[in-house]
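S.K.: Protein chains in written order, with the UniProt record's numbering: chain Y, 1 to 253; chain F, 1 to 253; chain G, 1 to 253; chain L, 1 to 253; chain U, 1 to 253; chain B, 1 to 253; chain R, 1 to 253; chain H, 1 to 253.
Calculated from the structure, these hints are not laboratory results. Treat each hint with caution, since some may be false.
Facing chain L, according to a computed beta carbon distance under 8 Å, are these residues of chain G, among others [what the hints assert, rightly or not]:
1. Val8
2. His15
3. Leu18
4. Leu220
5. Ile227
6. Gly228
7. Val229
From the three backbone atoms N, C-alpha and C, an ideal C-beta is built for every residue, glycine too.
Number of protein chains: 8
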Amino acid sequence: MTKDELRVLLEDVRHGRLEVDAALDRLKTLPYEDLGFAKVDHHRALRKGFPEVVFCQGKTTDQVVEIVQRLCGNNRTVLATRAAREVYEAVRAVFSDAVYSELARTIVVYRGERPQPKGNVLVMSAGTADLPVAEEAVVTAEVMGNHVRRCYDVGVAGIHRLLDKLDLIQWAHVIIVVAGMEGALASVVAGLAEQPVIAVPTSVGYGANFHGLAALLTMLNSCASGIGVVNIDNGFGAAALASAITRMIVGPE
Amino acid sequence: MTKDELRVLLEDVRHGRLEVDAALDRLKTLPYEDLGFAKVDHHRALRKGFPEVVFCQGKTTDQVVEIVQRLCGNNRTVLATRAAREVYEAVRAVFSDAVYSELARTIVVYRGERPQPKGNVLVMSAGTADLPVAEEAVVTAEVMGNHVRRCYDVGVAGIHRLLDKLDLIQWAHVIIVVAGMEGALASVVAGLAEQPVIAVPTSVGYGANFHGLAALLTMLNSCASGIGVVNIDNGFGAAALASAITRMIVGPE
Amino acid sequence: MTKDELRVLLEDVRHGRLEVDAALDRLKTLPYEDLGFAKVDHHRALRKGFPEVVFCQGKTTDQVVEIVQRLCGNNRTVLATRAAREVYEAVRAVFSDAVYSELARTIVVYRGERPQPKGNVLVMSAGTADLPVAEEAVVTAEVMGNHVRRCYDVGVAGIHRLLDKLDLIQWAHVIIVVAGMEGALASVVAGLAEQPVIAVPTSVGYGANFHGLAALLTMLNSCASGIGVVNIDNGFGAAALASAITRMIVGPE
Amino acid sequence: MTKDELRVLLEDVRHGRLEVDAALDRLKTLPYEDLGFAKVDHHRALRKGFPEVVFCQGKTTDQVVEIVQRLCGNNRTVLATRAAREVYEAVRAVFSDAVYSELARTIVVYRGERPQPKGNVLVMSAGTADLPVAEEAVVTAEVMGNHVRRCYDVGVAGIHRLLDKLDLIQWAHVIIVVAGMEGALASVVAGLAEQPVIAVPTSVGYGANFHGLAALLTMLNSCASGIGVVNIDNGFGAAALASAITRMIVGPE
Amino acid sequence: MTKDELRVLLEDVRHGRLEVDAALDRLKTLPYEDLGFAKVDHHRALRKGFPEVVFCQGKTTDQVVEIVQRLCGNNRTVLATRAAREVYEAVRAVFSDAVYSELARTIVVYRGERPQPKGNVLVMSAGTADLPVAEEAVVTAEVMGNHVRRCYDVGVAGIHRLLDKLDLIQWAHVIIVVAGMEGALASVVAGLAEQPVIAVPTSVGYGANFHGLAALLTMLNSCASGIGVVNIDNGFGAAALASAITRMIVGPE
Amino acid sequence: MTKDELRVLLEDVRHGRLEVDAALDRLKTLPYEDLGFAKVDHHRALRKGFPEVVFCQGKTTDQVVEIVQRLCGNNRTVLATRAAREVYEAVRAVFSDAVYSELARTIVVYRGERPQPKGNVLVMSAGTADLPVAEEAVVTAEVMGNHVRRCYDVGVAGIHRLLDKLDLIQWAHVIIVVAGMEGALASVVAGLAEQPVIAVPTSVGYGANFHGLAALLTMLNSCASGIGVVNIDNGFGAAALASAITRMIVGPE
Amino acid sequence: MTKDELRVLLEDVRHGRLEVDAALDRLKTLPYEDLGFAKVDHHRALRKGFPEVVFCQGKTTDQVVEIVQRLCGNNRTVLATRAAREVYEAVRAVFSDAVYSELARTIVVYRGERPQPKGNVLVMSAGTADLPVAEEAVVTAEVMGNHVRRCYDVGVAGIHRLLDKLDLIQWAHVIIVVAGMEGALASVVAGLAEQPVIAVPTSVGYGANFHGLAALLTMLNSCASGIGVVNIDNGFGAAALASAITRMIVGPE
Amino acid sequence: MTKDELRVLLEDVRHGRLEVDAALDRLKTLPYEDLGFAKVDHHRALRKGFPEVVFCQGKTTDQVVEIVQRLCGNNRTVLATRAAREVYEAVRAVFSDAVYSELARTIVVYRGERPQPKGNVLVMSAGTADLPVAEEAVVTAEVMGNHVRRCYDVGVAGIHRLLDKLDLIQWAHVIIVVAGMEGALASVVAGLAEQPVIAVPTSVGYGANFHGLAALLTMLNSCASGIGVVNIDNGFGAAALASAITRMIVGPE
């Protein structure tokens with residue numbers, strides 16, 4: 001509610017066009033709903049198909065099913081991450097069209113109109129063991145309305161394979177680099193690309209990897225600029241940030 | 001060098017239009033120059049005024065001056081970060097038009113045509129002690145061709161001050177949040193905003209802050225999505241990432 | 001009391017200059033037994049219904065049952081925390097009126113007179129996965145004689161939901177904030193409230209959360225004042241501290 | 001602004017008793033000022049003499065002086081912590097009645113009516129080197145309107161000295177325990193006392209103390225209940241929490 | 001082999017009482033066997049019944065049985081630590097007189113003459129969950145020839161229970177303090193006792209305990225003197241050190 | 001492709017001995033294949049039998065089998081590390097001549113000509129629990145064409161056993177020291193030997209070992225020179241580095 | 001002693017059934033003052049010359065001088081550790097016979113009768129940079145009544161130098177091993193010696209030494225038994241523990 | 001002393017050609033001198049010019065000078081590392097031909113015959129701030145008898161510059177990679193090279209670099225094989241390991 005709208009409301013009250021109680025009702029919700037706080041509900045309603053997200057880890061299967069049901073009731077697409085197969089089975093019992101990715105551990109229940117893909121998101125990773133995180137990013141970025149391409153056969157220990165993918169790099173608006181072990185891939189890619197690079201350290205590794213700490217520190221300390229880092233194994237978060245960027249680039253529809 | 005250009009070259013050799021040695025010379029530089037590796041030189045040359053950057057920490061004053069001289073020789077704007085006042089004095093002795101920010105510890109020597117500011121970058125911070133990092137981000141974002149606004153009087157312990165700045169938040173294409181202590185500001189801002197948020201933890205604090213580790217972990221673990229994190233105190237890096245994003249949004253000129 | 005003074009006292013007793021009871025009174029304050037060390041027994045006996053506590057983790061089911069039996073023999077209410085369901089089954093076999101909370105993992109066996117609830121304790125948390133810790137705090141605070149209210153649907157990434165709960169905040173004498181992930185909720189609540197805030201980091205999260213370290217550091221570094229922090233996942237400890245405070249506020253009965 | 005006050009305002013507009021613009025002005029500030037967000041201004045104004053606080057570390061002397069001047073202009077007492085002597089000299093040049101504690105590194109400029117001390121706060125510490133932190137707590141607690149007593153000659157390595165102070169412990173509403181090295185004092189005191197204990201680890205120590213980490217962990221892991229922990233060396237924070245508690249106990253005036 | 005023995009050997013060679021080859025054989029083993037390197041074999045042979053030790057963790061059941069068999073073949077008592085019940089079953093199949101402690105996870109197979117207990121070792125601990133470590137110390141100290149007493153019902157949160165045990169403390173030559181959580185017991189005991197105190201942090205605890213790190217740091221930073229610390233959960237190591245001390249005190253038999 | 005070869009190619013084009021398209025084809029692969037990037041393929045092809053390596057951890061059994069099949073198709077020996085028995089069973093179903101080491105958790109499928117062992121690699125370790133890592137090094141070093149000897153019965157706590165092995169030490173070109181617990185063996189060996197020492201910390205230990213961190217730090221801080229350290233438990237990496245060294249010593253065939 | 005028992009005792013005194021002295025004897029052991037709490041005063045008074053200790057770090061020069069004066073007033077020898085030269089100068093101005101060790105940073109002011117040295121303490125260290133810590137141990141052990149020998153030219157990287165010192169090792173009752181860098185010396189010495197070994201990690205080193213953490217972890221994880229560890233750089237603590245041991249061995253005079 | 005020599009000695013004793021006392025004297029030194037322990041003295045004497053090394057950090061200038069004097073007295077080349085300029089000045093006062101490298105902080109005093117350079121060592125680094133460490137490696141490797149080449153203008157953020165240096169890489173027997181920040185260069189180089197790579201993390205960086213920890217972890221976790229890591233900033237250690245390798249390759253002269 002802008003200042004002008006507020007003035008109109010008050011004028012309406014003054015001239016008897018609006019009852020005090022009605023005005024009260026509208027003003028009561030003012031502090032947050034009209035000030036843009038209720039971002040999720042309002043803005044998202046404008047962008048049809050933008051998903052609601054459920055992080056399944058730490059929730060019981062029953063809790064997840066209940067939340068998914070509530071959210072789908074709003075005719076909104078729902079994305080559930082970190083979902084074990086048994087969670088999917090339970091969700092599918094309710095929503096038979098739920099889509100599961102074993103690798104990404106994601107469930108998607110599409111509702112409403114699906115958005116036209118617009119932004120170009122490239123998801124790169126080096127090792128086979130990083131794929132679950134990379135695929136979580138892929139599924140998320142797609143559900144959020146992006147064209148997504150995968151580039152999974154690269155790694156700094158065989159840098160020539162990376163150099164072969166320069167066209168893919170140029171295609172992207174945003175590049176997500178998923179890497180475990182020492183996580184050096186993000187630096188090398190950011191040195192080759194001008195686009196924003198989102199680095200996702202993974203917990204893949206052992207010993208002095210300390211469950212992803214090594215890759216995390218590598219990425220935070222990159223001597224290449226243009227890199228933003230998200231939490232270890234947070235493929236979803238990387239794709240959400242990528243989508244926040246592509247939304248700006250191609251406009252929010 | 002595209003495949004077609006390569007074919008032309010070979011045809012020229014075949015028909016004697018190009019000497020073997022001349023062809024050799026051109027092919028010798030093929031592996032990296034023509035494959036787009038030389039990103040900096042080529043692309044940057046197209047965008048006049050995009051700066052070269054010198055990170056002064058760990059370099060002697062003499063080394064910095066020498067590097068700045070070399071870079072300015074290419075008619076390129078130079079940005080030096082983490083520059084103590086004595087470094088600035090030495091640079092100014094050579095480039096009398098060098099601009100110094102005491103707070104940001106930056107030196108800028110403008111050369112060539114200055115770019116038209118295009119992207120909108122909002123730099124937010126909470127505490128007075130975070131200002132050096134915030135200002136480093138401001139100077140960098142400006143030199144890289146963005147409109148920059150500051151929003152320095154906010155903090156989660158007085159959240160009403162933040163709610164007053166919603167218009168500023170809506171203005172921005174990208175928001176940089178600079179925060180020390182517990183670093184919670186990034187989460188709150190990302191909860192209010194749809195734009196990409198770049199979080200910069202600072203080393204401001206004491207005790208269990210562990211020189212910025214507390215704020216870093218807070219930002220990496222944010223329950224709000226759309227946040228990319230850079231290294232502790234890395235105001236430059238945040239602005240470089242912001243510029244990589246706005247460059248995509250508004251086009252590279 | 002020096003050795004000489006003690007001798008004089010005994011001589012006085014011997015010669016009838018001092019009554020046995022008077023001597024007893026003076027000796028009663030000799031260190032340890034009469035100096036209040038036996039706090040638990042003495043003071044607690046005065047406040048009927050104040051619970052004895054058994055921390056089950058690391059104890060065998062047999063050990064827990066034996067300890068509960070011994071404590072209940074004193075006609076005292078017993079609270080067992082971190083109790084798995086099988087521990088509860090074993091306790092119920094002995095005390096059929098034992099009350100179990102699956103979520104909080106607590107067993108309560110009420111004995112003696114139950115105290116009149118007096119202090120007002122508000123338990124806030126953000127995520128579904130934090131509920132076990134929050135509920136441990138709820139059960140503990142109730143057993144220790146407090147009115148308890150829950151406020152579980154708040155989080156800094158949707159700050160408007162928090163602002164809706166200001167009346168709850170004003171009701172409380174003490175506020176317990178249970179938060180995992182980045183743990184920023186404590187700062188925001190302490191910025192809104194004047195009451196003491198007890199912050200409980202939880203181990204909910206992954207990656208750079210490091211099993212609750214992120215939330216712990218956030219809370220310790222809060223820029224808001226009036227926050228005391230307890231151990232990660234220590235819902236019991238938060239409620240015990242809250243009860244120590246409300247006991248002072250409303251008087252120890 | 002309560003719902004009733006809002007209704008009155010609207011009625012006034014309706015009946016022409018209040019101009020639209022005037023109503024607009026009042027409503028404009030509604031979201032935060034009238035919802036209790038502006039806690040500091042409103043509530044504090046009721047309790048005369050409650051201090052404003054300036055954390056000097058990381059601020060220049062000029063910045064501190066400017067902030068103190070602004071705050072004192074509101075006729076409010078100002079407490080500056082972590083203030084070096086030169087900062088004090090600069091403040092005294094403006095406010096000749098500023099009071100400095102060399103040991104606590106605090107400056108106090110009293111303004112307005114001083115509050116009647118009400119709550120009883122006991123500050124305990126073990127070692128000479130912990131005194132700066134303990135004294136910061138003492139000064140803060142006094143300025144915030146508490147009776148404060150010191151108990152500095154205790155330590156777990158000579159536990160008999162502690163047992164001699166049981167009367168002091170019984171006097172207190174809240175006990176602040178300041179301890180470096182291994183920080184075990186908090187556990188022992190909380191085992192003896194029923195009151196809330198606020199534990200302040202200090203960075204006093206060396207080697208495997210890791211700048212206060214040892215004492216911090218000890219306090220967080222205490223097997224005694226009723227302990228809330230604040231940041232390392234945060235004497236101010238402990239006293240602020242203690243004051244939040246005593247304010248509840250004795251009423252906010 | 002002492003210098004004198006060496007001289008005798010050479011004289012024997014010189015006078016033909018010893019063949020060169022025989023001398024060679026004896027000298028060949030000189031560097032380590034006769035220079036005291038072979039400490040275990042030589043010295044231990046003097047003290048009948050001193051045990052050989054097998055650390056079972058990380059070894060297969062077969063490996064443990066094989067090692068125990070080999071060692072017992074030398075008519076030496078064998079102590080196996082960190083032994084699961086199935087390991088014991090396998091050992092008992094070979095040595096039917098093997099003694100198992102479920103709590104301490106130790107197996108003892110007595111061989112040869114058992115030593116007369118001499119040193120007095122007191123093992124103290126606070127919590128039920130610390131008992132496995134404490135009992136490992138008890139069994140080890142007994143097998144190594146000490147009188148051992150337990151004092152398991154003490155803890156700093158109820159310090160009066162500790163003060164009741166002063167006679168036990170005075171009885172001991174060496175005191176082993178086993179403590180998890182915050183580990184403060186070691187400081188308190190060392191403040192009361194003049195004897196050497198060996199502190200064993202345990203991994204009992206949760207959250208910011210970090211698997212025993214908290215107790216470890218507490219013990220290393222103790223403000224009481226006369227404390228030596230061993231590894232987390234290393235009950236065996238504490239008893240071995242205690243035995244090294246009592247061996248000096250009472251003489252090696 | 002050397003400069004000379006490139007000249008020949010161009011001459012061939014010029015004189016019509018090579019078609020433009022054929023030249024194009026060869027040049028297309030130039031940037032990485034001919035510049036030595038494709039190290040694995042080219043160089044390894046020269047040394048028959050040099051293995052391809054599959055790191056099984058984090059890969060499904062199906063993925064491992066598929067990769068092994070693909071690699072063996074090139075008539076190359078394949079070494080799979082961190083392979084559970086079930087992975088071996090699956091591989092053996094395809095390659096009946098696959099060789100499994102239970103202890104080392106390695107699978108080897110020999111193809112092509114086996115290299116003549118040349119370099120001498122000594123693998124030393126102290127404890128039984130370190131054997132899996134040591135054996136991984138042994139198998140790897142053998143497959144990579146080295147003579148390997150084991151020296152497993154040494155440890156700094158019984159240094160005389162080490163001194164007995166000086167001849168083995170002198171035999172080696174490179175020494176791999178595998179050690180858990182405190183990892184001191186590397187320093188002692190490097191103090192005795194002049195050859196390069198490769199130190200492999202293992203995660204064997206408990207408590208303040210922190211999963212191999214203790215041994216890792218010990219090895220990195222060794223006061224003996226000539227030590228290179230690899231990741232915790234990385235027996236493969238140590239042998240690969242040893243092979244890189246022996247390849248230089250004895251020549252690459 | 002219960003209240004009833006106390007009453008009986010007093011009645012017995014009153015009626016002459018118990019002598020005053022006998023009653024006194026029984027009461028003497030009542031907790032705290034007569035139960036040995038006042039350990040320092042009582043026991044130490046018996047052993048003339050046993051020092052009082054002042055830890056100077058974190059204290060001002062004035063504070064140190066004042067404490068030393070107070071302690072010397074009791075005719076007790078005073079040992080001040082971590083004392084800078086200026087502290088010594090100030091102490092010497094008051095006590096002209098104060099003895100300073102530049103290397104150990106210790107001040108000793110002898111008062112009363114000096115004890116006859118009894119226990120044999122060997123202080124070993126490897127590097128020149130460890131000497132301040134080693135000398136602090138030497139001075140402390142001497143002041144506490146031990147014969148002390150130094151063995152400073154040993155290190156595991158040149159193990160033959162250590163083997164030359166076996167006679168010194170055999171002479172000692174207790175061995176203090178001071179080592180920085182990787183700290184492996186403690187393990188090697190404990191492998192050679194049967195006596196208790198007290199290991200002192202020092203902060204000597206750089207990089208991954210982390211200010212002594214590497215040596216600390218090495219020592220805690222030693223595979224040799226019979227080692228107790230004290231805090232990093234805590235030469236005093238090692239000597240105090242050594243003295244607690246030798247006191248037991250040779251009797252407390 | 002070989003077994004044969006020992007036999008000769010005994011025969012000499014038997015036949016009276018050698019006195020018992022003389023034999024005793026020779027045997028007394030047997031344990032270490034003749035067993036090859038005295039590696040430094042014996043072997044080094046064979047290779048003229050191989051340096052003695054003094055690590056200056058933590059030593060006083062006087063101590064360094066004294067040690068250098070003693071070592072040079074043996075006609076041996078001395079290398080002093082971590083030497084401040086004032087240390088050099090003091091050394092030069094005694095040895096006027098001492099050579100100082102300001103950047104590497106090394107002093108070399110050549111004595112005896114200088115070795116013929118044999119091995120080829122390439123020292124690579126990325127940033128200007130890493131040069132002190134890189135140069136320490138260069139000086140050390142040269143003094144130890146290697147040909148050394150520098151390659152300082154490479155970094156993964158501009159990978160094309162690295163690809164230009166493939167000939168240098170091929171020239172080397174061993175490659176030392178010095179890198180701070182995220183330390184990714186080691187992985188990239190090891191991916192391109194077949195030679196052993198020695199990785200030296202440097203403490204260059206800030207924030208989440210944690211004084212070199214980031215680069216250290218990166219290097220330890222490298223997905224490229226053939227990398228050995230040394231301590232942070234340990235340029236000397238890298239060169240010593242490189243020399244141990246080249247000594248094997250080209251033979252020890």
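S.K.: Determine for every hint whether it applies to the structure shown.
M.R.: Hints, verified against the model:
{"no.": "1", "hint": "Val8", "result": "violated (21 Å)"}
{"no.": "2", "hint": "His15", "result": "violated (31 Å)"}
{"no.": "3", "hint": "Leu18", "result": "violated (24 Å)"}
{"no.": "4", "hint": "Leu220", "result": "holds (5 Å)"}
{"no.": "5", "hint": "Ile227", "result": "holds (7 Å)"}
{"no.": "6", "hint": "Gly228", "result": "holds (2 Å)"}
{"no.": "7", "hint": "Val229", "result": "holds (5 Å)"}
Hints 1, 2 and 3 from the earlier list are contradicted by this structure; the remaining hints agree with it.
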